[in-house]
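**Q** The chain contents come next:
Number of protein chains: 2
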Amino acid sequence: MVPHLITALTGPINELEQRILDATPVIERWFRLEWMEHTPPLYCSVDIRNAGFKLSPVDTNLYPDGWHNLSPDMLPLAVQAGQAAIEKICPEARNLLIVPENGKPSSFYLASLARLQEIFRMAGLNVRFGSIDPAVKRAVSYALPDGEKITFEPAQRTRYRVGLKHFDPCTILLNNDLSAGAPGILEDLHEQYLLPPLQAGWSVRRKSRHFQCYEEVAKRFGKLIGVDPWLINPLFASCGEIDIHEPSGGECLRSNVDALLTKIRRKYKEYGINEKPFVVVKADQGTRGMGIMTVRDAKELAQLGSKPTRGKALPEVPHGEVIIQEGVLTNERIHDAVAEPVVYMIDRYVVGGFYRVHADRGEDESLNAPGARFVPLAFANNTQLPKPGVKAGASAPNRFYMYGVIGRLALVAASYELEATDPELEALA
Amino acid sequence: MVPHLITALTGPINELEQRILDATPVIERWFRLEWMEHTPPLYCSVDIRNAGFKLSPVDTNLYPDGWHNLSPDMLPLAVQAGQAAIEKICPEARNLLIVPENGKPSSFYLASLARLQEIFRMAGLNVRFGSIDPAVKRAVSYALPDGEKITFEPAQRTRYRVGLKHFDPCTILLNNDLSAGAPGILEDLHEQYLLPPLQAGWSVRRKSRHFQCYEEVAKRFGKLIGVDPWLINPLFASCGEIDIHEPSGGECLRSNVDALLTKIRRKYKEYGINEKPFVVVKADQGTRGMGIMTVRDAKELAQLGSKPTRGKALPEVPHGEVIIQEGVLTNERIHDAVAEPVVYMIDRYVVGGFYRVHADRGEDESLNAPGARFVPLAFANNTQLPKPGVKAGASAPNRFYMYGVIGRLALVAASYELEATDPELEALA
Chain A
226 MVPHLITALT GPINELEQRI LDATPVIERW FRLEWMEHTP PLYCSVDIRN AGFKLSPVDT
286 NLYPDGWHNL SPDMLPLAVQ AGQAAIEKIC PEARNLLIVP ENGKPSSFYL ASLARLQEIF
346 RMAGLNVRFG SIDPAVKRAV SYALPDGEKI TFEPAQRTRY RVGLKHFDPC TILLNNDLSA
406 GAPGILEDLH EQYLLPPLQA GWSVRRKSRH FQCYEEVAKR FGKLIGVDPW LINPLFASCG
466 EIDIHEPSGG ECLRSNVDAL LTKIRRKYKE YGINEKPFVV VKADQGTRGM GIMTVRDAKE
526 LAQLGSKPTR GKALPEVPHG EVIIQEGVLT NERIHDAVAE PVVYMIDRYV VGGFYRVHAD
586 RGEDESLNAP GARFVPLAFA NNTQLPKPGV KAGASAPNRF YMYGVIGRLA LVAASYELEA
646 TDPELEALA
Chain B
226 MVPHLITALT GPINELEQRI LDATPVIERW FRLEWMEHTP PLYCSVDIRN AGFKLSPVDT
286 NLYPDGWHNL SPDMLPLAVQ AGQAAIEKIC PEARNLLIVP ENGKPSSFYL ASLARLQEIF
346 RMAGLNVRFG SIDPAVKRAV SYALPDGEKI TFEPAQRTRY RVGLKHFDPC TILLNNDLSA
406 GAPGILEDLH EQYLLPPLQA GWSVRRKSRH FQCYEEVAKR FGKLIGVDPW LINPLFASCG
466 EIDIHEPSGG ECLRSNVDAL LTKIRRKYKE YGINEKPFVV VKADQGTRGM GIMTVRDAKE
526 LAQLGSKPTR GKALPEVPHG EVIIQEGVLT NERIHDAVAE PVVYMIDRYV VGGFYRVHAD
586 RGEDESLNAP GARFVPLAFA NNTQLPKPGV KAGASAPNRF YMYGVIGRLA LVAASYELEA
646 TDPELEALA
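Here the protein sequences come in this chain order: A and B.
Going by my numbering, the first residue of the first sequence is number 226, and it counts up by one from there.
Going by my numbering, the first residue of the second sequence is number 226, and it counts up by one from there.
Keep in mind the hints are simulated off the structure, nothing from the lab.
Some hints here could point you the wrong way.
No distinction is drawn between identical chains; accordingly, a pair holds when it is met within one copy or between any pair of copies.
Stated by the list, open to error - Simulated crosslink set (EDC-like; lysine to aspartate or glutamate; CA at most 20 Å straight-line):
#, residue 1, residue 2
1, K444, E495
2, K488, D393
3, K313, E262
4, K374, E441
5, K374, D247
6, K448, E317
7, K313, E378
8, K501, E441
9, K444, E416
10, K329, E500
11, K444, D483
12, K444, D371
13, K374, E476
14, K524, D413
Nothing here was measured: the structure is a model prediction, and the numbers come from that model.
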């Protein structure tokens with residue numbers, strides 16, 4: 226049931242994999258101690274890239290969709306994790322309100338919401354959808370392929386709470402990334418749990434802050450199991466707010482790209498890696514795989530900083546705040562198509578994952594683009610769990626434990642990040 | 226993957242099943258609230274019988290073996306539940322000591338221990354086996370079929386703790402039912418967790434106390450979802466200590482059997498059930514399916530109370546304390562052989578189950594006997610989880626949610642039972 230993966234893993238990654246498998250009890254204990262001090266986001270998905278010599282998270286999504294891409298076999302695991310989460314948050318709860326994305330939902334998004342509803346219903350809650358889209362003025366139902374339907378009702382605000390007519394939730398689960406900013410209807414809810422909290426929305430969140438937290442986590446984890454943190458940490462730099470049409474903006478970007486490429490080149494040399502380093506330039510805010518640019522040489526950005534010339538387009542660099550991240554190749558292949566693992570978590574638990582596969586994209590390109598397909602990571606003789614004593618790399622799915630560890634490191638980083646931006650904690654500081 | 230079950234479920238059970246499926250959020254919330262007040266045993270297995278018209282636990286094992294009979298697909302669920310348990314008990318823990326049964330282990334028992342070790346190792350602990358068998362004076366290794374081995378080391382007592390040489394566990398997991406009484410080596414351990422606690426051992430435990438607690442749970446649960454508790458509760462009576470060779474012993478047994486059969490007959494009449502009631506007489510202590518006697522009429526016990534006559538054997542009635550329990554038919558069949566579901570739990574979570582199948586036993590007999598086979602309940606399109614709106618009984622595995630509910634009701638009863646016999650709580654009372 227697990228897709229056959231054509232991987233060509235050589236060099237340090239096998240050593241890293243072995244190190245992680247051997248250290249399982251140490252690693253799990255470390256996570257237990259982290260979760261004594263920090264609160265994981267209620268749910269999270271992490272895109273991972275496995276370059277063979279290096280394994281890194283490249284994107285951490287705090288409003289994951291794509292739940293329908295998980296293998297149905299994984300559902301009991303998600304339900305159990307959901308139960309654990311509810312027990313901690315509000316065991317007396319009867320109702321959960323899910324706030325979906327604004328706008329007309331795609332059939333994929335509806336399938337994802339249906340799965341999410343199923344998970345939390347089976348975990349023991351009545352689950353309904355409350356839209357905060359101003360266009361949703363009364364209940365709208367959408368048919369699902371299996372004959373079921375999903376109904377969006379307009380979320381209603383009372384003085385202290387948000388709910389639906391005759392439906393008062395204990396927890397409000399945001400599946401809406403709040404790109405347009407925190408809407409008034411969700412502000413100052415002191416009687417209900419809003420998860421993830423408002424500061425997880427993309428109007429507040431910055432990728433650079435997440436990866437700064439991740440760097441800290443990676444350093445500590447590297448020390449724990451005795452590996453160079455670089456093997457699991459993508460280097461990055463950020464420029465703050467830049468205007469690529471201004472000389473200062475172009476210059477900042479070029480010098481950062483150049484400095485980062487130099488750092489990566491040094492690391493490649495240290496490990497004897499015969500690949501050409503590259504960086505990825507992307508918006509520091511925002512969730513979709515839009516406006517992502519792969520750069521192998523700062524010279525490619527030579528035109529930046531000048532006014533656009535008629536008839537000569539500038540490279541498509543994102544505007545505003547920009548993060549420059551070390552590019553991590555993906556060496557995973559499914560039937561020759563480039564693949565990257567995506568790991569899903571509920572509370573502190575890994576509950577599944579899938580491969581994002583894109584036949585038309587290269588190993589150094591984002592796969593989060595139209596045309597991507599999804600291959601669930603399914604159970605096959607429990608091989609997604611580590612077996613002590615089994616040679617690392619001997620079986621592809623063994624690798625999933627390692628992906629689960631990297632996913633959870635990003636989850637720890639997300640918990641640091643949300644603490645660092647918590648307005649209540651900030652007020653105390 | 227799920228075995229095809231020839232079930233002939235008609236009458237109230239389908240209504241009960243529908244009631245349970247519809248009430249999922251109410252039921253799960255009820256369990257959440259129970260677990261706020263009570264602590265579940267670390268692990269537990271429950272034998273369940275499904276008569277079609279009635280569904281009951283018949284045996285609750287606090288030292289479950291048979292872990293190897295669970296489907297490997299269920300392993301991640303067990304690992305996750307194990308993680309949740311460790312987090313609560315001692316998150317800082319590195320080591321877990323498992324105390325196996327005394328005596329030479331069978332290959333089945335070794336396979337079960339290997340699985341248990343795998344579960345807790347993957348949950349993040351170093352796991353070793355400490356034998357309390359006085360015959361184990363130094364480490365003994367047993368080979369497993371897959372080339373691995375299991376080593377029993379003699380458990381060592383220091384003044385305050387139990388462990389092995391160079392192995393100091395935070396928690397000691399008993400997989401030994403302590404039939405011979407609590408051994409000194411495990412007494413007065415105030416610095417370590419001993420799970421299940423000493424009073425769960427068969428020298429203290431009584432089935433009658435468990436079913437008394439279960440009756441209370443069943444009554445409250447029946448009220449919660451609006452069903453007659455009898456539909457999930459096996460009636461019982463107990464005689465205390467009897468000697469079946471004495472007239473008083475025989476008389477006590479006969480009168481209790483007769484009274485219980487009358488009660489059951491009345492219930493059968495109420496529900497229009499055309500079956501012959503029967504009761505099961507078994508020892509109130511002890512774990513194995515030994516000395517279990519099926520009785521359909523008190524007259525079968527006419528000879529009891531007299532001294533044995535040469536050449537004429539008495540019916541094989543257990544000596545000592547005896548429990549008389551309503552017999553629950555099993556209507557589950559796998560390939561024509563009588564089957565009963567067994568549900569496994571870790572902490573508060575159902576982590577798997579299997580069918581105990583016995584080709585040579587009747588539907589009113591114990592299947593826990595030599596010759597039993599085990600068929601894992603495996604995942605098949607997540608059908609072991611309830612689907613709202615799907616007709617009850619339409620798919621066999623749908624039934625597994627219901628079995629998980631009954632198993633957890635017995636788990637709640639076990640937590641009451643362990644509280645009632647807790648020497649520290651008794652001292653406070």
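**Q** Which earlier hints turn out false for this structure, listed by number in ascending order?
**A** 2, 4, 7, 8, 9, 10, 11, 12, 13 and 14
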